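**Student:** Letter by letter, the chains look like this.
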Amino acid sequence: MTEAEAVGAILWLSLTAYAVLAGADFGGGVWDVFATGPRQAAQRQAIAEAMGPVWEANHVWLIFMIVGLFTCFPAAFAALALSLFAPFTIALIGIVLRGAAFAFRAHAREAIGPIEPWGAVFGAASIISPLFLGTAAGAVAAGSVRESAGAAALVFDSPWTVAFIADVGLFAVALCAYLAATYLIVETEDDKDLQADFRQRALAAGIASGGLGLAGLILAYVGARPAFDSLTGRGLPLLALALVNGPLALLAVWRSAPGLARLAVVAQVTFVLWALAVGQWPYLVRPSYTIDSAAAPASTLTGFLIVSGIGMLLLLPSLYLLFRVFKGRNPVSAEADQLKPP
Amino acid sequence: MDNVTLARVTMGTSLAFHIVFAVLGVGLPVLMSVAEGLGLRRKDAVWMDLARRWSKAFGVLFAVGAVSGTVLSFELGLLWPRFMALSGSMIGLPFSAEGFAFFLEAIFLGLYLYGWNRLSPTAHWLMSIPIAISGAASALFVVMTNAWMNHPTGFELVNGQVTQVDPLAAALNAATPTEDTHMLVSAYVCTGFLVASVYAAGMLRGRVDAAHRRGLAAGMTMGLVAIALAGITGDSSARFVYTDQPAKFASMEGLYRTARGVPIHIGGIPIDSEQRVVFGLEIPKGLSLLAAFDPNAEVKGLNEFPPADRPNPVLVHLSFDTMVGLGTLLGLLALAFWGLAWRRHAIPSLKPLLVAVTIAGPAAVIAMEAGWFVTEFGRQPWVVYGILRTAQAATPVPGLFISLVAFVLIYVALAVTTARLLLLLAERRRQAE
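As they're listed, the protein sequences go chains U and F. Numbers 1 to 342, taken from our numbering, label the letters of the first sequence in order. Numbers 343 to 775, taken from our numbering, label the letters of the second sequence in order.
If we strip away everything but chain F, and leave its shape as in the complex, we get:
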């Protein structure tokens, strides 16, 4: 493998690993805070106990997220020195702000995790609020930098030199509103369904008690609200891409030739040699309608771009359909769950429904990862859209293969240990009861 491929695989692996912990760092504090708040207000031991359980799990998850995030802050420069030399002065401000948000999250988490016996109950609960706020702020700041890579603004390029830098304009570029909101709600989608999934699995094993029902309900509440918002923000994201990055949009749909009244393909595989999507379910004029609210709207195809400037439509289209497909199923599942709960006036414990919720946690994570595949593979061959090619940004140093192998092994070890530890903690707690 050449250095560009190695750098991309290393960066991609690190991001895909880190983001699972990062989204929980955004979502779990909200659930913790609500549970402890309810526990205090209603003097309810079950909610209090849930808050303690979640904080215990969060302690491990946050630590792994923090160290894997450190890897990323270094890898930006270690793998992509030319990208950072060009972009550092523009994307640095949101990164710096993220640094402070992360600082606050780490400080208040320290107070929260180790302060159960040192702070008054109310003071302890108050510590959870800055954790939730700074977790969300971290996500918003970091995604601003990715939005800038998709829509680089706030500077002028004169003979390869960056001038007239306006870091505020760079941070608040046109892609920021749609990307930021979509990522934030996706973090809550993942957290909600992952938490629900844990309790649904427990109920399937016969542990149908108040703690499990409330854990399930809390997760599914967050899941329902967030998946609805994810649909809305995802829709505006797609329409922004339609106008802002037509090559990415064409790849998302596997559209090879510019046309009017374009159909949408659900599933299917774009075939380069045939210039079309095969095996997909075709909905006439669907794409034009969704992209521009006009059944005859023109959509640019990949033929508008030189072959060297095209993303890989197979990867992007399949990732996009994975995200949208799973997202839709999650939405239907949340509706079915709460519909049933409303009719029966109780948290449902129907076996097929619990099986579906158990699968929904991992499915939400896959949907979120697939969404990032769309953003990242869809931006190729550029690292900074239209400005710097990925191939030009990678480091020339030798030894990338070794570092890739080392990091993959570490991530596997961390993932296995985290999972094992969380299971052991849960097991141990049950034995104690």
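Next comes chain U alone, as it looks inside the complex:
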């Protein structure tokens, strides 16, 4: 493995972490919008409590990935920034509004009650961000980021390409909702009614994401051949795993096996992401940049690997502590029931 490939793998792992952790936080926002029925307030409360301590840390995976990308693959980063200006800017606006709205709401709730319109902003922004990050990923997978006249721009070969990209955006939203609902099944084990609400939502999101995923495969065949070739070429084993695991994950959700379901849904998202990444290897941004052609000088790659190594030594134990305290089985649950923003 070359240094550039090692860095590429680290960044793709970061993206995976961002997808399965922060993706669920976006999904929480989706379910905040669709909170309905007699337990509407309880659903929103459960979502806020699950996100509160961890969403900021989860969000940092995105920053780490962006920074790693511009450090180690500056040419590819510049091409993405030029061609995907619009979707990135919209996603960014969504990220800002989502984070701020969550913090405003969480800290206001206890003291002064809901502060409008931030509740609605939180939900809407939680849908917009993954939607447009997803379309950005779809455009890269479809090979739509092209160099023309010295600057990168988006080029669509047919309307089906656009349909594929839009489908990937919706697929991303559905996966976020799926992740969130599945995690919430685990987190609401003390309240069976609430748990049933989230189980129902997980099933709906699972079916929706399955449908959008399969539609994406067909649309890739029709309008985004590079993506189809990636998935059915080098990415085929991972795609096959996703296709087999998908129904199993759904079965686990349906049969009320919360822990197993969570694992299976995380695996599902991971398989999809890695099928795309492995499929388009050695391209970083197809068709102009390979991992090697876009790589920064070796000294920078070495430096990044060293910084990442030291950083991970500090980061991983800290993350373990965070999730141990807030997501593990906690003996101090009597006090934990009062778990609220201070």
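Quick caveat, the hints were computed from the structure, so don't treat them as lab data. Everything numeric in this text was worked out from a predicted model, so none of it was measured. There's no promise every hint is true.
[Unchecked claim] Here are the computed distance ranges between Cβ atoms for each label pair:
| # | chain 1 | residue 1 | chain 2 | residue 2 | range |
| --- | --- | --- | --- | --- | --- |
| 1 | F | I729 | U | L203 | 53 to 59 Å |
| 2 | F | D386 | U | A120 | 38 to 44 Å |
| 3 | F | D586 | U | F323 | 33 to 39 Å |
| 4 | F | A757 | U | G150 | 36 to 42 Å |
| 5 | F | G681 | U | L305 | 49 to 55 Å |
| 6 | U | A120 | F | A757 | 26 to 32 Å |
| 7 | U | G309 | F | N501 | 33 to 39 Å |
| 8 | U | V155 | F | A757 | 37 to 43 Å |
| 9 | U | A257 | F | I744 | 44 to 50 Å |
| 10 | U | G150 | F | L765 | 32 to 38 Å |
| 11 | U | L217 | F | I744 | 49 to 55 Å |
[Claimed, not checked] If you want the footprint, here are the derived chain F segments under chain U, 3+ residues with CB under 8 Å:
| # | region |
| --- | --- |
| 12 | 456 to 469 |
| 13 | 592 to 604 |
| 14 | 737 to 750 |
No residue lacks a Cβ here, since even glycine has one placed at the ideal position from N, Cα and C.
Since the structure of chain U is already known, use the hints to place chain F on it.
**Tutor:** Relative to the frame of chain U, chain F by itself:
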């Protein structure tokens, strides 16, 4: 407006907004940690309560800082793709290190904010220490990248291609020591005076209790120590600029012609057509003395540089004088405050003094922003000094105006809501008491 102007206004607005939250992210954890530490050690409910209040405010401030910082990490590429294509491999390492520091700050803040009931008191207090350390480390790492833009080293440029990259040398460039230290202490200056300002305002409204006196004292202690250090580090920064970026230095003083024994102007407006500063208070030989400890030292004027390579002396000079002027007043205020406290053996509650401290918080922020104006406007027309012009670095994509309007509206909404929420939280707490 053309794309270069739009990109500059967008980036400048984002930075000016983010940095207010960023400096509090550096300074507040120190105050929180000290307050909780004192509360635990002395079993003192007042200090404990202050730590809780600050952590509550910090929860909101940190979130807004985190998301506005994300905007910046994207905007580097979205607005300046050519700058990032050139510099990414050189400034990326401090940015990556900053990423980890920010990660740790977010993790331990999560533990701190939500862990009051889940951790033992000592364990909870311990969580505040990594927050304070990683907050400071974030600032140091990020400013290294700005220092590199002022003093680009650690590479060779052959036919427009970057070679021989040494990212460690780039990060530890000659401008890093002065810029890093000055920014770090400025963060404590802003936090100290902002916190003091909140409690001084409360005391002016008649809330003279132990919590307010201690909040005021904590802020003014941090303010006094930090403003003294800001004076020292600012002085070395200015002298570094004198040798390293003479065009910026000439603009800071509105010096048009190279000369020996140059006076310093306090205030005044540089007039291009007359090639001099009008209305300023002139101190003979002052600039030469300050820059080189020699009353007859030569100082380069703007005439040494082609017109296309000159910063705007009006902006840079006025920003510089705003920073130095406000900084000096803050220093005098802190001395007066503690002088009075020492003589009376009590935290002063003299009305004019409290009014001055109330104004000091916003003034410290203005001084810090003005300092960044000096650095940034003074580096123009370059984005990477002597290597890449700002005009060549901006993105050519259409739609920048729309994104600028969107971000300005968002920042206004965030600023208004943050202020409203913090006031409401304080109000609610008083009603509860």
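**Student:** Range first: 53 to 59 Å. Now tell me if the beta carbons of I729(F) and L203(U) are that far apart.
**Tutor:** Since the Cβ atoms of I729(F) and L203(U) sit about 57 Å apart, the hinted range of 53 to 59 Å holds.
**Student:** Using the C-beta atoms of G681(F) and L305(U), is the stated range 49 to 55 Å upheld?
**Tutor:** holds (54 Å)
**Student:** With a cut-off of 8 Å between beta carbons, are at least three residues of the region 456 to 469 of chain F near chain U?
**Tutor:** holds (count 6)
**Student:** Between G150(U) and L765(F), is the Cβ distance one that fits in 32 to 38 Å?
**Tutor:** Violated: the Cβ-Cβ distance is about 52 Å, outside 32 to 38 Å.
**Student:** With a Cβ-Cβ cutoff of 8 Å, does the region 737 to 750 of chain F contain at least three residues near chain U?
**Tutor:** The restraint on the region 737 to 750 of chain F holds, since 7 of its residues have a Cβ under 8 Å from chain U and three suffice.
**Student:** Indicate whether the distance between the beta carbons of L217(U) and I744(F) respects the range 49 to 55 Å.
**Tutor:** Check failed, 35 Å falls outside 49 to 55 Å.
**Student:** Between V155(U) and A757(F), is the Cβ distance one that fits in 37 to 43 Å?
**Tutor:** Holds, at about 40 Å.
**Student:** Could you see if the CB distance from D386(F) to A120(U) stays within 38 to 44 Å?
**Tutor:** For A120(U) against D386(F), whose Cβ atoms are near 43 Å apart, the range 38 to 44 Å holds.
**Student:** Mind taking a look at whether chain U covers the region 592 to 604 of chain F? Criterion is 3 or more residues with CB to CB distance under 8 Å.
**Tutor:** violated (count 0)
**Student:** May I ask you to test the hint 36 to 42 Å on the CB atoms belonging to A757(F) and G150(U)?
**Tutor:** This hint holds: roughly 39 Å between Cβ atoms.
**Student:** Does the Cβ distance between A257(U) and I744(F) fall inside 44 to 50 Å?
**Tutor:** holds (48 Å)
**Student:** Is it true that the C-beta distance of A120(U) to A757(F) lies inside 26 to 32 Å, as the hint says?
**Tutor:** About 20 Å separates the Cβ atoms of A120(U) and A757(F), which means 26 to 32 Å is violated.
The structure fails hints 3, 6, 10, 11, 13 (numbered hints given earlier, in ascending order).
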